[in-house]
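> These are the residues of each chain, in order.
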Amino acid sequence: MAASLGFKGDLLATIPGLRAFAMSLSQNADRADDLVQETLVKAWDKQSSFQPGTNLKAWLFTILRNEFYSQMRKRGREVQDSEGLLTARLAVHPSQHGRLDLDDFRKALEQLPEDQREAIILIGASGFSYEEAAEICGCAVGTIKSRVSRARNKLQEILDISGEADYGPDAIAAQVMGSTVG
Amino acid sequence: MTKQTSGAASAGPNRRRDGEPLGANSEIGRKLKQYYDELVSDEVPDRFAQLLSQLEQAEPEQQKD
Chain C
1 MAASLGFKGD LLATIPGLRA FAMSLSQNAD RADDLVQETL VKAWDKQSSF
51 QPGTNLKAWL FTILRNEFYS QMRKRGREVQ DSEGLLTARL AVHPSQHGRL
101 DLDDFRKALE QLPEDQREAI ILIGASGFSY EEAAEICGCA VGTIKSRVSR
151 ARNKLQEILD ISGEADYGPD AIAAQVMGST VG
Chain R
1 MTKQTSGAAS AGPNRRRDGE PLGANSEIGR KLKQYYDELV SDEVPDRFAQ
51 LLSQLEQAEP EQQKD
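Going down the list, the sequences are from chains C and R. Quick note on UniProt numbering: the first sequence kicks off at 1 and runs consecutively. Quick note on UniProt numbering: the second sequence kicks off at 1 and runs consecutively.
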């Protein structure tokens, strides 16, 4: 079907997701919006190479991701340095109620290596399958799985929460009993 | 009323989803979505719609050599 007619609209609809992904990758609002802008321009130029019926969102995420890593290479090791700073000043204190503060989570996420962060975002938040994420990142499905797994373990370690995925009635009960306010 | 509802409804048939490290029940999975949803719901600046309109209005370029 004719892709060009709805192409602009399709791009517009994807922008919030692209910005979220760009923010997750770059951890910087200005850089994120630059990435999105570059992505849109590139996507527009290359729209004839997009195969209608395939996943536009995945295609756009791939362009954005390539742009991110290409910019990072251009900037050299500058990025690495700022990462070191972030890590140094990072101190996460899980609250006593066991409820994870979103800000703490954000800081923990910043601490992950890019490849792990992008993997866990694509799978756990952007809604891609392992196969799609592997295609976006240009690697094997097994690689994505292991990156997600390492990312999750690292986050759990940083945030000092239990490795159990099953937060059962115990956790809920603990919360109820702990909430003495009011 | 009997107090047997707690857990039964929320736990569901698949409380353990093996091979799903980011299942809906995991704290990490929930926070990840919360973090991301906040980013997604951020208001999109006009510049992107303007950019697309500009691209749309621009004459299709000849293929470069």
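Keep in mind that the hints were calculated from the coordinates and are not lab data. Treat each hint with caution, since some may be false.
Computed cross-link-like contacts, PhoX-like style, restricted to lysine-lysine with a CA-CA straight-line distance of at most 20 Å [what the hints assert, rightly or not]:
id, chain 1, residue 1, chain 2, residue 2
1, C, Lys42, C, Lys57
2, R, Lys33, C, Lys46
3, C, Lys57, C, Lys8
4, C, Lys42, R, Lys33
5, C, Lys42, C, Lys107
6, R, Lys33, C, Lys8
7, C, Lys57, C, Lys46
8, C, Lys74, C, Lys42
9, R, Lys33, C, Lys74
10, C, Lys8, C, Lys42
11, C, Lys107, C, Lys74
> Each hint needs a verdict: does it hold in this structure or not?
We went through each hint and held it up to the structure:
1. C:Lys42 to C:Lys57: Within the cut-off at roughly 14 Å; holds.
2. R:Lys33 to C:Lys46: The hint is violated at about 31 Å.
3. C:Lys57 to C:Lys8: The hint holds at about 13 Å.
4. C:Lys42 to R:Lys33: Measuring from Cα to Cα gives roughly 28 Å; hence the hint is violated.
5. C:Lys42 to C:Lys107: violated (31 Å)
6. R:Lys33 to C:Lys8: violated (27 Å)
7. C:Lys57 to C:Lys46: holds (14 Å)
8. C:Lys74 to C:Lys42: holds (18 Å)
9. R:Lys33 to C:Lys74: Cα-Cα ~31 Å, so violated.
10. C:Lys8 to C:Lys42: holds (13 Å)
11. C:Lys107 to C:Lys74: violated (25 Å)
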